[in-house]
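Novice: Could you build all of it, start to finish, from the sequences and the hints given here?
2 protein chains.
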Amino acid sequence: MKRIFEIDPWKVVTHEFNPEDKRLQESMTSIGNEYMGMRGMFEEQYSGDTHQGIYLGGVWYPDKTRVGWWKNGYPKYFGKVPNAIDFVSVDIKIDGESIDLAKDKFSDFELCLDMKRGVLDRSFVVEKNGHRIKVESERFVSVAFKELYANKLTFTNLSNDDVQVEVTSFINADVYNEDSNYGEQFWTVLDKQVASDHGKLVGETAPNNFGTPQFTTEMAMTHVTDLQPAQAEETDKHVANRFSGTLTPNSPATFEKRVVVVTSRDYDTREALDAAADKLLSKAQESSYADLVKAQEDEWAARWEKSDITIDGDDAAQQGIRFNLFQLFSTYYGNDARLNIGPKGFTGEKYGGATYWDTEAFCLPVYLGTSKKEVPRNLLMYRYNQLDGAYHNAQEQGLKGALYPMVTFNGIECHNEWEITFEEIHRNSDIAYAIYNYTKMTGDESYVLNEGSKVLVEIARFWADRVHFSKRNGQYMIHGVTGADEYENNVDNNWYTNFMAQWELKYTLEILDKVSADQAAKLNVSADEKAKWQDIVDKMYLPEDKELGIFVQHDGFLDKEITLDDHNNPINEIPADELPINQHWSWDHILRSPYIKQADVLQAMWYFMDEFTEEQKKRNFDFYEPLTVHESSLSASIYAIMAADLRYQEKSVELYERTARLDLDNYNNDTVDGLHITAMSGGWLAIVQGFAGMRVVDGQLQFKPFVPEAWNGYHFRLNFRGRLLNVAVDKTGTKIELLSGDDLTIKVDGKDVKLSK
Amino acid sequence: MKRIFEIDPWKVVTHEFNPEDKRLQESMTSIGNEYMGMRGMFEEQYSGDTHQGIYLGGVWYPDKTRVGWWKNGYPKYFGKVPNAIDFVSVDIKIDGESIDLAKDKFSDFELCLDMKRGVLDRSFVVEKNGHRIKVESERFVSVAFKELYANKLTFTNLSNDDVQVEVTSFINADVYNEDSNYGEQFWTVLDKQVASDHGKLVGETAPNNFGTPQFTTEMAMTHVTDLQPAQAEETDKHVANRFSGTLTPNSPATFEKRVVVVTSRDYDTREALDAAADKLLSKAQESSYADLVKAQEDEWAARWEKSDITIDGDDAAQQGIRFNLFQLFSTYYGNDARLNIGPKGFTGEKYGGATYWDTEAFCLPVYLGTSKKEVPRNLLMYRYNQLDGAYHNAQEQGLKGALYPMVTFNGIECHNEWEITFEEIHRNSDIAYAIYNYTKMTGDESYVLNEGSKVLVEIARFWADRVHFSKRNGQYMIHGVTGADEYENNVDNNWYTNFMAQWELKYTLEILDKVSADQAAKLNVSADEKAKWQDIVDKMYLPEDKELGIFVQHDGFLDKEITLDDHNNPINEIPADELPINQHWSWDHILRSPYIKQADVLQAMWYFMDEFTEEQKKRNFDFYEPLTVHESSLSASIYAIMAADLRYQEKSVELYERTARLDLDNYNNDTVDGLHITAMSGGWLAIVQGFAGMRVVDGQLQFKPFVPEAWNGYHFRLNFRGRLLNVAVDKTGTKIELLSGDDLTIKVDGKDVKLSK
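The listed protein sequences derive, respectively, from chains A and B.
If you're matching positions, the first sequence starts at 3 in the numbering used here and goes up one per residue.
If you're matching positions, the second sequence starts at 3 in the numbering used here and goes up one per residue.
If you are wondering where the hints come from, they were derived from the structure by calculation, not from laboratory data.
A pair holds if it fits inside one copy or across any two, identical chains being indistinguishable in the list.
Straight-line C-alpha distance at most 25 Å; calculated DSS-like pairs for lysine-lysine:
| # | residue 1 | residue 2 |
| --- | --- | --- |
| 1 | K148 | K13 |
| 2 | K4 | K73 |
| 3 | K473 | K620 |
| 4 | K620 | K548 |
Specialist: In structure tokens form, the structure reads like this:
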């Protein structure tokens, strides 16, 4: 755990700069607008350790696979997000010498991600050549004008005599991915032009041997500044504009860089790309900086209006939930159905790939509660549109139906660990569950009865082929899987996987009874198939220990070295200095230990919270919670909700903090690599589903709130079936207000409450 | 299955050349002398598909690891045998145009590996420019003069007019490994010299980041020829000598290339290396080719004298066993205790590494029966000398004691699949078993009571830390392992692993009672440790199914989809066109299937053949044999011995053929990559331990022979405790003769027989 930013309800702010925390600081100050985004690296030269990272949504590269021993069915490539051509860098020279905070003496440092406005501010006073210069920087990627990146620098000479300032602004294709296998570069330059005060560069991702499309991007920059154009510069890999001027004492000079970024994802010819870049650059030039930033602030204000959560009495908790929502919405806001939510978003390279089951399991519920239904529906359509890839993945394993990938850009699996790729197949059911969840929350059956039913059927076909009938036991089993708990690999009969496969088949059969004759004809499910699916539903093996009163995570789990207390609950015996275990223990040790990375049995209990008894929830929570180390960022939120449901309030609040402040407090000591974007859903889930006990039962919205002891209260906005609600909970009770939409009867603490405007 | 060579008792010979079988042909005609070796690629230019491979024993390179996701405990590098600097290539020009059998018209092709003499012969008549030239090539790496490679070319002009011949002979460092990750080269040239008819080149392996030593090699060539020196040539990467002459009709011209190869393994300075190369080159020059080849033939004759196996009535079987012994001895003959037996020997790149558990489990018994005891003792010392590496490997997993590596050059694990590296830990017991086996066969306790006891104790310490006590079951268990059957990964309680760990602890305790007080003090095993080991021995869980009467390969194995026949034995349901399954099924399919790659439960039954009842052996063989696909080259021999023991003669003979002719008939369709060197032990084991039923029980040598139906008989030489025996078995009975050494009483078919000279 490490907290390098101050507590503030709206800001991620610090007045300190420690070079050893530079990468962590960069991760934390990432910004994005769904279309593109970047880490919080400095714009100006920095010769110390830094991780430059700028990423374009949906632009990827199929890198060579890295496995020790390739086996049949392994993916052919590993999809990576290439570090984009750098349009951020500037070099600032004072009296001919570059500012470089790794070397210079400086003071009055402030770095502030203003989440309310969606801008990243920084300022410092640097000493150069006996002069003191104040430098202020503000930057953003626009949520109102997606192709726009803007950076405004202000220089103030605090000395008594003049200094010369020179700013060189770059578009530079000489970039590397740190995760490139052998120092290869992923971009080649197709074209470039540079004039005195503006320039552009067209780059293309490197060719690949896997038949996936190359991407082209054009970046054009222009500048508005008090300085004078001095020189245009170009090499094979970059273009640059240099400006210079004299800073007289206490008379600030400004330098604005405006860049527009377009890609072949939106424009299919070089000509169209070029025309778009020109047009958008004109648009960017026509507006004042004040107008550009105003549009940014207005759009963020509208987002917060719809979905802010306020916490009264705990600024750390407040900061946590806002950081969660800010970063989640910076990554995905549902404007482009071809995009999805990568686990690092635009904040780092790790994990590669764009789309994990995180989206359906953890993020979709947040969008269901914070957006109009088109946004979550887009996330469902994303999978429907990638069915061909899912067929391919199943075929690669010699199996029928559709196997959705663990990691993908285009539907085809691109992750390279067999124990994950082949085995963490519960994801197929999670994707089916998202259809169910969408339908349950929105009441909108149009997806499940059309596109959704196709997805369900193809997943059911996969399950029917993937299970086997154990004659010895007279039951269907699923061998060789990795559950949600990735600290166990290649286990047999993971309860979660088996339970969810059974559920998926059951749900698909239900939906088949409801689809239109037309759709049924298209789906073409035979009576034999249905009978087989029903047989699997009836005879699925679900490991259970009656004596302990728990579902058993997988066969053999209880044979592990587990110390039980007097209540038959495990005792966590990990010394504190061995946490997180994934940084201290060998993989061998982790696999054999009983410790659990993230909710596994409990994942299904969360999904179907109201279908398990209190006793079942309590026994399983009490048993598995002590064993869970939450070293997946996706874990604590689910336990927080379960704990809240069981009215383990203290535990629930502890877990809320762990999820909402996961990156702010660097809980798992890995935020240097980037933020845990998909886990940014956790704070919302813990408050809304946890503390407020939000459920939808038989179409009715219900709450059963409590207030964490340290808080005075909290309030949140909730989108539900065309209504916007304001839910305010404090120690005096719960007030729920209908802000827009039709009247509605909900349940609060078990009692019907009718809401009208 | 594919047979491209003719049946011949002493030769691997063909008169056909199919370019599509070039790699397979190259693998099959590999030669070696323990010190170095090479595939059977042509010496002259060949522009078609070929896999050039020349390897130097003990010279290796730690290449970057390739894993999708590095985790704690994974090895840092992957050890590879670099393709050596090429000292074999020559270019032969006829009237100015290079001979290239990929393009030229030719006839009378013969390629013959003469196993009796240890030379590779080839001849063909090529048409160039309207002329017909007969080319004959003979080459060998000398078993009498280890640094020597010799190649004699003879050119005969079958035309009526003169032709010009030009031969260029190379030492060339511009070589690649096919398994190089990104086309890197592993050799850099340090020095080179070339004169008109001789030259030399000094190369060094590339630097590495892992702190393992670089190797230097010096190669010097000289030539004896009827042609005239024409030109010396050098570039950055190679030296060459060119010779030319006129071939008059039917007057053969010869060209001999003699190369000596020395390395920094034997000479620790550049000066020493250089001096050695010069001295050895002089030695090579002083002898006539006839003398050099005579020394080769004499040494091979001596080897065959000591260890040949003859089979009367089945030339295919005869060829198989000779090929086995020839290739095994070409790889390792015990002259250098720093070397070991790599699975591909000098015949290909696959597998990397030099040393697998194959050596102890499969090869050691052959050397125990064919060599003086110093040879197998050297193999044991190899592990003792690498104890530091084994400590390191255990520590990397957070475990005590010694974990011998799955793959290594220096004792440190260098293989990169967690399911193998971390988990296939039965190897530790196999290495302990080799100590037991050596002691049992030789009667020599000097190793086990000294160095061996240290190895045993450190392995015991590993096991005591690696097991866990399952309170629920009141038994010790071993979770998270891969057994000998690598078609199952990360299983719990693999019977073989548990049984062998139990045995290892028991054996170590026995040995501790026998070591000297001095040695005991050095070993420093506490009473608590011993008590713990005894407790594990007493309470080890060994999965068993009483109803089926079998040991269960691992927990959950019987839950798989297995169809049993009326005798409760599995039915093999793999369609013939899906074999080998590792080339047709996805890894997922393989893992979940009940099919077994190689002996697993049966491996331990073989080790301790006389400690299991007939019924136990029969039930387990009958159950596991139908499930076993023998897709490890190490499988069929063990089943052949078990089948022989059970008097399943037909099955035993079928399995003998599969093991002895594995590569000759390309059973598993993978011999293109190189020969299965460690599996070359299989034919010997199947005949000696299988058909002849050789055992040592309480120090007494025993036989219980039978003759395969299709054979008239067989005979083999056996080294046993200082004696050389001749064992001849035919349909009339068994004749055992003592050729040298003291009188001996053995048992044949249960009856004592006294042998005297």
